[in-house]
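Peer 1: Here is how the chains run, residue by residue.
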Amino acid sequence: MKEEELVGTRDAYGKALLELGRDNKQVVVLDSDVSESTRTKWFAKEFPDRFFNMGIAEANMMGVASGLATCGKIPFASSFCEFGTSRCYEQIKLSICWARQNVKIVVSHAGITVGEDGASHQAIDDIALMRGLPNMTVLVPCDAIETKKAVFAAATTDGPFYIRLARAKFPLILKDDYQFKIGKGVVLREGKEATIIACGLMVKQALLAHDTLSREGISVMVINMSTVKPIDKDIIIKAAKETGAIVTAEEHTIIGGLGSAVAEVLVESNPVPMKRIGILDRFGISGSPDELLKRFKLTGEDIHNAVLEVIKRK
Amino acid sequence: MEIYELEEKAKEVRRWIIKMLAEAGSGHPGGSLSCVDLITCLYFKVMRHDPKNPKWQDRDRFILSKGHGAPALYACLALTGYFEVERLMTLRKLDSILQGHPDMSFTPGVEMSTGSLGQGLSVATGMAISGKLDKKDYRVYVVLGDGEIQEGQIWEAGMAASHYRLDNLTAFMDYNRFQIDGLIENVIGIEPVVDKWKSFGWEVLEIDGHRIREILDAIDTAKRVKGRPTMIIAHTVKGKGVSFMEGENRFHGVAPTKEERDRALQELT
Ligand SMILES: Cc1ncc(C[n+]2csc(CCOP(=O)(O)OP(=O)(O)O)c2C)c(N)n1
Chain A
8 MKEEELVGTR DAYGKALLEL GRDNKQVVVL DSDVSESTRT KWFAKEFPDR FFNMGIAEAN
68 MMGVASGLAT CGKIPFASSF CEFGTSRCYE QIKLSICWAR QNVKIVVSHA GITVGEDGAS
128 HQAIDDIALM RGLPNMTVLV PCDAIETKKA VFAAATTDGP FYIRLARAKF PLILKDDYQF
188 KIGKGVVLRE GKEATIIACG LMVKQALLAH DTLSREGISV MVINMSTVKP IDKDIIIKAA
248 KETGAIVTAE EHTIIGGLGS AVAEVLVESN PVPMKRIGIL DRFGISGSPD ELLKRFKLTG
308 EDIHNAVLEV IKRK
Chain B
30 MEIYELEEKA KEVRRWIIKM LAEAGSGHPG GSLSCVDLIT CLYFKVMRHD PKNPKWQDRD
90 RFILSKGHGA PALYACLALT GYFEVERLMT LRKLDSILQG HPDMSFTPGV EMSTGSLGQG
150 LSVATGMAIS GKLDKKDYRV YVVLGDGEIQ EGQIWEAGMA ASHYRLDNLT AFMDYNRFQI
210 DGLIENVIGI EPVVDKWKSF GWEVLEIDGH RIREILDAID TAKRVKGRPT MIIAHTVKGK
270 GVSFMEGENR FHGVAPTKEE RDRALQELT
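Residue numbers (the numbering used here), protein chains in the order written: chain A, 8 to 321; chain B, 30 to 298.
Just to be clear, a hint being listed does not mean it is correct.
Computed cross-link-like contacts, DMTMM-like style, restricted to lysine to aspartate or glutamate with a CA-CA straight-line distance of at most 25 Å [as the list claims (entries may be wrong)]: (1) B:227 with B:275; (2) B:48 with A:297; (3) B:81 with B:163; (4) B:255 with B:163; (5) A:52 with B:52; (6) A:48 with B:224; (7) A:48 with B:237; (8) A:176 with B:52.
Partial list, derived from the structure: chain B residues whose beta carbon lies under 10 Å from chain A [said to hold, decoys possible]: (9) 35; (10) 53; (11) 125; (12) 128; (13) 131; (14) 135; (15) 137; (16) 209; (17) 219; (18) 220.
Here are the in silico distance ranges between beta carbons for each label pair [to be verified]: (19) A:262 with B:134: 18 to 26 Å; (20) A:297 with B:181: 46 to 54 Å; (21) A:321 with B:85: 56 to 64 Å.
Because the hints were derived from the structure by calculation, they are not lab data. Predicted model, so just to flag it, every value in this text is computed and none were measured. By construction, the Cβ of each residue, glycine as well, lies at the ideal position given by its N, Cα and C atoms.
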């Protein structure tokens with residue numbers, strides 16, 4: 008078997024910023040003392056005049072980004088997922104979302120795959136937080152190819168955006184000619200007996216579950232739901248009608264994230280047996296990313312078992 | 030403990046930091062090594078505490094607000110007897126009591142969970158207010174990073190602590206001049222930092238943060254100050270004690286390799 012190619016979503020972000028910076032002088036970048044990790048350092052190197060390191064002061068950074076946006080700039084504000092969301096939530100909520108400013112928040116180091124740093128650095132609630140904000144678009148790309156397209160889409164679409172990236176490198180799932188559309192889920196595998204809807208890192212795990220299940224003679228659909236908000240209602244309802252059971256998978260608490268977004272659509276339109284794979288209302292711990300995915304039951308095997316369970320409940 | 034004994038202890042703590050981080054394969058050597066002398070003085074000489082009774086109500090409290098310096102704190106806790114020294118080698122591993130950043134639910138002796146910068150001084154302020162309320166004479170100590178004080182919350186706490194006249198609160202700023210992205214002055218400058226704290230109503234002392242005598246004297250002075258908290262600006266060197274880590278910011282968040290560990294341990298004998 009060929010070694011899978013692993014590419015960092017944050018690397019894709021760093022490269023996309025360079026292209027954007029060359030194309031559009033209005034693009035400015037802010038970071039909060041983690042520019043090496045978020046890869047905004049690459050932009051800083053090429054465009055020192057349009058890069059602003061705001062230091063360890065995330066709340067201020069979000070306010071400054073808003074101010075820049077009021078003057079026609081297109082600010083990308085970056086930090087670690089934990090510190091670029093909950094740490095400065097109200098600044099994002101009011102100065103950016105309420106004020107409808109064209110700020111793009113792009114964070115790396117999402118979820119428990121941050122690993123050894125432990126709970127203080129593992130954002131598990133950010134999708135819920137960002138999803139709760141009016142005017143915010145929430146994107147969780149599944150690989151580096153989608154990341155680049157998502158960053159470009161955010162740059163060219165007016166309004167606040169949140170893009171969630173990771174520390175870990177992801178296997179490439181999509182092809183270069185993949186058409187990313189904000190607000191559209193994409194069917195990666197067709198299937199009949201259940202549907203797995205996943206985002207981010209968990210898309211790969213969903214595909215692994217799909218492969219095991221198909222070896223066992225069970226046909227499941229897999230949907231990459233990289234836009235968590237606005238959620239693609241049509242594709243969810245269609246999948247529920249066609250396959251009759253849904254499993255969601257996200258590297259995030261099961262409260263308020265992708266699973267909740269899908270459940271909200273289903274209960275109001277077409278309820279079917281459903282199960283959410285995610286972090287079960289607890290904080291993270293230190294460990295290697297792979298150990299933690301196992302410990303928190305976020306593997307292909309866990310998705311596989313959830314699919315069997317929802318099919319039984321049909 | 031005499032000064033030369035504290036110096037030996039600090040060296041021992043540094044050796045553990047190197048061993049733990051090399052074993053863990055990740056973590057923050059630079060900022061752990063810069064605050065070692067401060068934390069060693071507190072745990073081995075200054076603070077009133079009982080490792081066998083970590084929840085003793087009258088104990089002095091310590092908060093490592095710059096939580097990424099955890100290895101320095103963990104080594105002091107182990108060497109004073111809060112838990113077995115062998116546990117240090119489990120740092121950052123699955124199910125270890127020693128999490129990547131201090132987690133009070135896992136580690137005996139850790140007074141507050143930290144790791145997100147900027148939050149410790151507020152918690153210390155709460156502990157100090159509570160001490161006043163209960164008419165207790167325990168003292169509260171906190172170590173801040175120099176980059177960390179860029180967080181606005183630090184200054185909110187600074188205002189509150191002087192407003193409530195918390196002379197039972199002593200903070201250290203570990204002034205090693207670096208943050209992740211480089212020299213503080215090139216990221217977001219904090220100078221004139223002494224004047225800043227003074228204008229916030231704090232007593233401010235400036236010391237060499239690696240000289241045990243100066244650290245102990247400053248803490249003594251702080252104990253005698255009435256009606257306001259004390260900020261000890263401790264001039265330090267990031268990576269202190271290991272020649273190839275000193276002032277070398279690459280070691281902010283990169284663990285030593287086995288080879289680097291051996292070289293470092295040789296220097297620390
Ligand atoms: C709120 C927050 N933002 C960002 C980080 C990531 N981070 C970890 S250490 C560090 C630099 C800390 O600099 P400083 O306080 O000077 O510590 P030192 O140089 O002593 O290690 C940063 C930005 C964090 N832990 N918390």
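Peer 1: Check the structure against each numbered hint from earlier and tell me which ones fail, lowest number first.
Peer 2: 1, 5, 6, 7, 9, 15, 18 and 20
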